[in-house]
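Chemist: Chains as they are written, first to last, in my numbering: chain X, 1 to 468; chain F, 469 to 896.
There is no bait here: all hints are sound.
Result set (SDA-like, lysine to any residue): computed pairs, CA atoms no more than 20 Å apart in a straight line:
1) X:435 to X:445
2) F:792 to X:391
3) F:538 to X:390
4) F:563 to X:180
5) F:563 to X:192
6) F:792 to X:403
Here are some chain F residues the structure puts well away from chain X; computed CB gaps all over 12 Å:
7) 648
8) 695
9) 724
10) 766
11) 773
12) 820
13) 831
14) 833
15) 843
16) 850
17) 852
18) 869
DEER-style ranges, computed between Cβ atoms:
19) F:792 to X:386: 23 to 29 Å
20) X:97 to F:884: 56 to 62 Å
21) F:774 to X:99: 42 to 48 Å
For the record, the hints were derived by calculation from the structure and aren't laboratory data. All C-beta atoms, glycine included, are put in the ideal place defined by N, C-alpha and C.
So you can see what is in the structure, the chains are spelled out below.
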Amino acid sequence: MIINITLFLLILLLSFEISYAHVSERALTLLLPTEIYIPSGIAVLVLTILITYISPKAFIGKLFRTYEIIFFKRFNFISSIDLNSIKVFMSLISFFLLIILIVLGFTGSRDPLVNPLSLFIWSVWFLVMPLAQMIFGNIWSFLNPWYGIGKILFKNNFFFKLDNNLTLLIPSLFFLLFSLFMLVDIAPDDPDRLATVVCLYFLLNFFCIWLFGIEWLKKGECFSVFFSMLSKLSLFWFENRKAYFGFFGSQLTHINYLPPLTVLFLAIILATLSFDGLNETFFWFKIININPLEFHGRSSVIFQNSIGLLAFAIFLFFIFLLTIYLGHKFIYEEIEFNKIIGINSIALLPIAIAYHIAHYLTTFLVNIQYFYKVLSDPFNNGSNYFGTGNFHVTTSFFNSIETVRIIWLIQAFAIVFGHVIAVLLAHSISEKYLKSKSSLLISQFPISIFMICYTFLGLWILSTPSVG
Amino acid sequence: MKKNSKSNLSRRKLMKSIAAVGSISAMPGFVNYSQASSSAPIRIGFQVHRTGIGAAYGRWYDRTTQAAVKIINDSGGINGRPIEIISEDDGTDPKRGAEALEKFANQHNCDVAFGTLFSHVVIGSAPRAGELKLPYFVVSEGHHVASGMLNRYTLQPGITDVKSQVQAMAPFVKNNLGKKVTMVYPDFAFGHDHRDYFSAAFESQGGEIIAKVPIPPTESSFSKYFPKIPRDTEVLYHVMVGPAVLTFVKELGEFYGSKGPKLFGFIDSVEAVDLNTPGLEFLDGSYFWEGNPRYAQDNQTVHDQFYRTAVGVDKNGASVSDPKDVSTYAHMFGCWETLHIIKKGMEVSGYSDVKDRSKLIEAVESMKNMPLSQAHPQGAKIFNGKTHQTFGHQYISKMTNGKLVLAHTTSIEDTFYPDEVDYTKQSF
Numbered sequence: 001m002i003i004n005i006t007l008f009l010l011i012l013l014l015s016f017e018i019s020y021a022h023v024s025e026r027a028l029t030l031l032l033p034t035e036i037y038i039p040s041g042i043a044v045l046v047l048t049i050l051i052t053y054i055s056p057k058a059f060i061g062k063l064f065r066t067y068e069i070i071f072f073k074r075f076n077f078i079s080s081i082d083l084n085s086i087k088v089f090m091s092l093i094s095f096f097l098l099i100i101l102i103v104l105g106f107t108g109s110r111d112p113l114v115n116p117l118s119l120f121i122w123s124v125w126f127l128v129m130p131l132a133q134m135i136f137g138n139i140w141s142f143l144n145p146w147y148g149i150g151k152i153l154f155k156n157n158f159f160f161k162l163d164n165n166l167t168l169l170i171p172s173l174f175f176l177l178f179s180l181f182m183l184v185d186i187a188p189d190d191p192d193r194l195a196t197v198v199c200l201y202f203l204l205n206f207f208c209i210w211l212f213g214i215e216w217l218k219k220g221e222c223f224s225v226f227f228s229m230l231s232k233l234s235l236f237w238f239e240n241r242k243a244y245f246g247f248f249g250s251q252l253t254h255i256n257y258l259p260p261l262t263v264l265f266l267a268i269i270l271a272t273l274s275f276d277g278l279n280e281t282f283f284w285f286k287i288i289n290i291n292p293l294e295f296h297g298r299s300s301v302i303f304q305n306s307i308g309l310l311a312f313a314i315f316l317f318f319i320f321l322l323t324i325y326l327g328h329k330f331i332y333e334e335i336e337f338n339k340i341i342g343i344n345s346i347a348l349l350p351i352a353i354a355y356h357i358a359h360y361l362t363t364f365l366v367n368i369q370y371f372y373k374v375l376s377d378p379f380n381n382g383s384n385y386f387g388t389g390n391f392h393v394t395t396s397f398f399n400s401i402e403t404v405r406i407i408w409l410i411q412a413f414a415i416v417f418g419h420v421i422a423v424l425l426a427h428s429i430s431e432k433y434l435k436s437k438s439s440l441l442i443s444q445f446p447i448s449i450f451m452i453c454y455t456f457l458g459l460w461i462l463s464t465p466s467v468g
Numbered sequence: 469m470k471k472n473s474k475s476n477l478s479r480r481k482l483m484k485s486i487a488a489v490g491s492i493s494a495m496p497g498f499v500n501y502s503q504a505s506s507s508a509p510i511r512i513g514f515q516v517h518r519t520g521i522g523a524a525y526g527r528w529y530d531r532t533t534q535a536a537v538k539i540i541n542d543s544g545g546i547n548g549r550p551i552e553i554i555s556e557d558d559g560t561d562p563k564r565g566a567e568a569l570e571k572f573a574n575q576h577n578c579d580v581a582f583g584t585l586f587s588h589v590v591i592g593s594a595p596r597a598g599e600l601k602l603p604y605f606v607v608s609e610g611h612h613v614a615s616g617m618l619n620r621y622t623l624q625p626g627i628t629d630v631k632s633q634v635q636a637m638a639p640f641v642k643n644n645l646g647k648k649v650t651m652v653y654p655d656f657a658f659g660h661d662h663r664d665y666f667s668a669a670f671e672s673q674g675g676e677i678i679a680k681v682p683i684p685p686t687e688s689s690f691s692k693y694f695p696k697i698p699r700d701t702e703v704l705y706h707v708m709v710g711p712a713v714l715t716f717v718k719e720l721g722e723f724y725g726s727k728g729p730k731l732f733g734f735i736d737s738v739e740a741v742d743l744n745t746p747g748l749e750f751l752d753g754s755y756f757w758e759g760n761p762r763y764a765q766d767n768q769t770v771h772d773q774f775y776r777t778a779v780g781v782d783k784n785g786a787s788v789s790d791p792k793d794v795s796t797y798a799h800m801f802g803c804w805e806t807l808h809i810i811k812k813g814m815e816v817s818g819y820s821d822v823k824d825r826s827k828l829i830e831a832v833e834s835m836k837n838m839p840l841s842q843a844h845p846q847g848a849k850i851f852n853g854k855t856h857q858t859f860g861h862q863y864i865s866k867m868t869n870g871k872l873v874l875a876h877t878t879s880i881e882d883t884f885y886p887d888e889v890d891y892t893k894q895s896f
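Using the sequences plus the hints, can you model the full thing?
Modeler: So this is what it looks like as structure tokens:
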């Protein structure tokens with residue numbers, strides 16, 4: 001056995017002709033004048049920060065006004081009981097679709113770009129759902145696969161009650177496990193493996209709903225918690241049978257407190273979405289001392305990427321705490337740190353979504369084509385329901401500098417715009433509990449520095465040499 | 469009418485048939501063989517880079533494979549049996565590559581395994597193929613097969629290896645471009661192989677390597693290395709790879725303007741890239757090795773024409789459905805040819821099921837001449853059964869007005885080197 005392993009390692013050491021031959025879109029990105037684009041993006045953010053500084057108090061708050069959409073009054077006949085029935089009904093549809101997807105995960109094509117489960121989970125649900133929440137509000141509360149079946153089977157019963165403050169530890173832990181699966185596991189795309197994980201995750205949460213009641217979805221299930229937070233920043237939302245419209249974060253004008261552990265949860269999310277990008281840069285490969293041109297795949301970096309992700313999450317957690325702490329230490333108003341840290345951390349959400357868009361845009365552009373193909377033949381039996389059987393997936397937009405430039409600028413716009421929203425949001429949040437303009441300015445200074453650095457990081461990740 | 473036919477069956481008979489079919493079909497892997505064995509598909513496990521750094525190649529390897537399978541199946545399959553492809557993503561990762569082979573052998577009941585490009589995946593997978601006694605036909609270009617590093621179950625009959633490609637360039641470079649060569653290469657195993665194979669072959673031709681300029685793998689700016697290139701360099705041999713390769717070309721152009729040495733490189737540097745990208749004008753007039761000419765040439769064979777049409781590639785080497793989607797034309801023919809070799813091997817050996825795997829390998833080992841044909845559109849080949857490696861023509865093209873025009877075709881003999889192993893002496 002030892003001889004076999006030694007022989008195998010020896011063979012690997014002797015291996016030559018590592019055909020790192022393909023020229024990725026990053027090769028064309030390196031030809032773009034990013035040395036001009038990056039300072040321009042940062043300049044936009046700095047300008048936004050300056051505007052928030054020099055504008056009169058409450059000026060920024062006006063941006064976050066809410067407007068009722070009168071048209072939706074026509075739908076007033078839908079009572080709250082009906083609304084619940086719709087929720088149950090839609091959730092049941094999701095539940096049945098999930099079962100079909102899991103079955104296809106086990107029995108369908110072994111190719112992750114042909115299997116509906118792999119494509120749906122990684123290229124549709126995970127990529128699209130956060131954006132949908134941020135635009136249309138909490139549609140996940142209708143679409144999650146647990147609510148309907150949980151309501152029908154367990155009504156409103158529960159055995160244990162969840163603590164409001166501490167429960168954020170649970171979704172934090174689960175999101176961390178999810179991140180490790182997504183970023184570190186050797187084959188998260190593999191249909192068999194993914195079907196097993198999705199199945200176990202569904203059953204585990206189903207069991208928790210039985211124990212803790214349907215409240216589990218609001219406090220324990222990490223995606224419901226994440227998506228629910230995102231929906232608090234949405235452009236459109238529903239409340240008391242009325243529809244509203246407002247700039248990202250307008251709903252927060254009515255929310256003054258979030259549990260302090262929100263910062264832990266959001267630090268893990270932001271760390272995940274930032275590290276998935278950083279871990280592909282040559283810079284990271286230098287740190288872990290691996291030749292990026294000889295990269296031997298995910299199995300060779302399991303330990304390094306696990307540690308990297310955890311360290312990055314811890315780093316972000318403390319740096320954000322420090323940012324908020326320093327911002328409030330030198331003001332003359334009395335502030336209870338525990339009461340404001342949770343609500344302040346919401347400013348991390350638009351940054352997380354910005355990184356999400358920037359990093360996964362290219363994957364989405366390719367994989368959505370595979371999904372389009374799969375819709376025509378979901379059971380991989382040669383059927384051609386939508387006539388897409390002969391459709392060929394293309395990646396030509398990575399082959400020419402014009403399209404690579406457009407893609408890069410969209411990604412960069414997402415990063416900059418996400419940070420602009422974050423700056424405005426952080427300002428408006430503090431505006432609610434700080435009395436004087438001078439306190440407000442001092443409180444925003446450290447977080448402004450943080451935002452500028454994080455914008456730079458995002459734009460740098462987009463433009464530096466990377467693997468894949 | 470249906471009703472009548474139903475009534476002719478007794479209920480007991482019907483239940484018995486259902487039970488029999490049900491019990492057989494319920495056994496894993498038995499579904500397809502529940503039919504007559506003569507019509508059961510030949511199951512080929514396709515180890516493919518679907519994710520990871522090789523995904524761009526995987527997409528075109530998949531497209532070529534599907535096209536070849538369609539052609540073979542439409543013309544009667546293998547011994548009258550259709551091919552069924554079972555794809556497993558190897559993640560461009562050796563560990564997953566080995567796992568894919570295990571699944572082919574133990575879960576999917578595949579007859580043989582086939583595919584994959586990146587050398588480290590082949591090297592990580594081949595030992596498992598040997599243990600599983602699963603014929604493993606690779607399309608990777610690596611010298612690892614012919615070097616003797618692998619085993620009797622691993623063969624590379626459909627694509628030539630880097631060692632033969634590199635050494636075959638030497639006579640052309642010396643006779644047509646210049647006798648004084650400077651080599652610029654990434655400073656790790658891939659670049660070192662080019663350095664060693666080419667310099668040995670070039671010096672044996674009477675040429676001279678006047679400088680070797682290694683570049684650190686993580687380098688992204690190259691101007692500081694160009695002064696190391698001697699002024700009397702006649703030919704610059706470059707094999708840069710990775711995301712900074714286009715930056716390298718651009719900076720080289722800025723450094724030399726129109727007065728530089730002649731350039732010779734491998735198409736790998738710009739595989740699947742639109743050659744009309746701004747910044748790459750400097751490459752006009754330079755020479756590239758191509759495994760298979762990307763652009764349809766004036767003397768295009770009917771076989772290349774047929775192959776292009778079947779895969780859906782236009783005369784510029786791009787997808788017919790998107791003229792900007794440039795294929796990995798220099799490499800992907802290997803999938804097409806390998807599948808045709810598997811077909812021929814199975815037909816010659818009278819392959820019926822997994823117990824005939826060794827007969828299949830012996831049949832392929834006994835192959836020698838593979839003439840230019842529909843099965844071999846890239847060109848004629850000579851297979852060496854002892855080293856499990858094929859040898860074939862190499863192409864050198866000159867970039868002319870943003871297109872690659874064939875300048876020279878090597879002989880097959882130019883690619884030969886002494887055998888380094890005899891796998892036929894290994895037992896099954």
